[in-house]
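Undergrad: Position chain B relative to chain A; hints supplied.
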Amino acid sequence: MAASDYDVAVVGGGLVGVATAWGLAREGCRVVVLDEGDRAVRASRGNFALVWVQSKGLGLPQYAGWTIRSSNAWGGFAQTLKEETGLDVSFQRPGGFHLALSEKELEGRANILKRLHNQPGIVDYKTEIMNRSQVAKMLPDIGPEVVGGSFCPLDGHVNSLRLFRTLHTAVKARGVSYLPSHRVETIIKEGGEFRLATAQGEIRAGKVALAAGNANMRLAPMVGLEAPMRPERGQIVVTERLRPFLIHPVVTLRQTDEGTVMIGDSKEESTDPAGLTLGVSATEAERAVRLFPLLANVNVVRTWSAIRVMTQDGFPIYDESKTHPGAFTVCCHSGVTLAANHALTVAPMIARGALDASLVAPFSARRFHVQAVG
Amino acid sequence: MFKRLVDAGVAVAITVDGKRVAARVGDTVATAMIAAGIDHCRTTPVTGAPRAPYCLMGVCFECLVTVDGVGSRQGCLVPVSEGMAVETQTGKREAGR
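Just so you know, the sequences run in chain order A and B.
To convert, take the position in the first sequence, counting from 1, and add 1161; that gives the working numbering.
To convert, take the position in the second sequence, counting from 1, and add 10; that gives the working numbering.
So that you can see chain B by itself, here it is in the shape it has in the complex:
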């Protein structure tokens, strides 16, 4: 659905749920997931509804993901880096993760 305006830049590889995703330096986790066509980044703690990044500026908290083992990071505020392991979240976060 989304495509990059300029498909240039230095390539960076991250993984999302163990699958390799091609990103660019300067992407945030949320934009890299959107560009890769991933349609949701988490399901909600109450109803389990799927959620995707929305505001992309740190306000809405829709883009929560686990980054390198730390849960509930705001994907739109975390720049990607080589080898970063991103996991989508299902329902409530597990304490200690």
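Isolated chain A, as found in the complex:
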């Protein structure tokens, strides 16, 4: 492989990696995506597929603005992908709910939103608390225990497996080299280029974008960056295909464009992707039936667990290396929600060789070092 064969090597072929690679290719970069194989622990195949705004940004108000930016760009992003690939990722933004099963839950929800909106510099994303009858007008099938909820008109969802496939199709069509079974072992910078060692040989590129999810923790220090992570397991229960009854996604429950109902949002401090805890699935299913009693007799066809990509404070990390210019991290939990930003905003910055501080400075990993900030 000649030294100048790639402008950028993207490490990681999940949603974050391929969205970034697609954006880079659109900027005219010659891009290679280095991915693990089929056995990779891959959040992109197990996620819940929300394009979600409400609740984001408590503790880091700029994250709310960043999320809304992506949410607003998502429609055009989906349309462009459709034009390029002929595939429809079924992006919908009907507005979404967080439902409460007790007055105490509703009060807790209202408090979170109040604290969120009281932060200086927060963007108003128009989330409102609704009482039971207001919710029932929009979600007629709620159960008797639902006392109300919060609604955000910016929330939506997508078919995320199709998004994953579509992005891979799109990068291929744009000439990106996708190399599976190329787990990156080491990265060094030498002679003005990055050398990425894999069992299949060395790949050289002018720049490197680390989009390897939780594995960024291992890779980032090789290029003078850091990505403190705390992986977390989530479990999802999937029903048989049903006629449409749920227009608005709920944070723990949504009906896909194909009719299945996905039930999820559990959190466990575990990194074993093969583990399924029946108690967790049962708790999710029980709560789903309390929210929507008509689900009681519906058949479950699949359950799975997956590992969330999660930084230590839950907010994204976008960084450029001071010691290894040309090395970047693109690391976040919400690879679906933020896909439009990664493709349309972050990738062009990497193509230009510098992050735009006015947009992403708050997301530097320097925030983890209190003394270094400022």
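One or more hints might be untrue.
Said to hold, decoys possible - Here are some chain B residues pointing at chain A (derived, C-beta under 8 Å):
(1) V35
(2) P55
(3) S82
(4) K102
(5) R103
(6) E104
(7) A105
(8) G106
Derived from the structure by calculation, the hints contain no laboratory data.
Note that this is a predicted model, so its numbers are computed, not measured.
The beta-carbon is built from N, C-alpha and C at its ideal position, and this holds for glycine as well.
TA: Below, chain B alone, put in the same frame as chain A:
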């Protein structure tokens, strides 16, 4: 197309989509429908293609029907009983049924 090897046994009557179907004690819903010459028990949720019982041993999920108001039962695993109301399914199941 199919016929019973031994046309004996205790008669049981069920209905399929409201029509009376003669069955035998020991039949499953799926075999009773096959014996009655019903050529499909459902249409698929995605393309609407007609489907008939296939494996008859609980594996293939082709024979899904609504039995006494409960949707997506595996017809090959449910023994018939007198007066049982079976409905063929069209496309996606309706939640709550």
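Undergrad: Taking the hints in turn, state whether each one holds.
TA: Status of the hints after comparison with the structure:
1. V35: Violated, about 27 Å.
2. P55: holds (4 Å)
3. S82: holds (5 Å)
4. K102: This hint holds: B/K102 lies near chain A, its Cβ roughly 5 Å from the closest one there, short of 8 Å.
5. R103: Holds. Min distance 5 Å.
6. E104: holds (5 Å)
7. A105: holds (4 Å)
8. G106: holds (3 Å)
Comparing the model with each earlier hint shows a violation of hint 1 alone; every other hint is respected.
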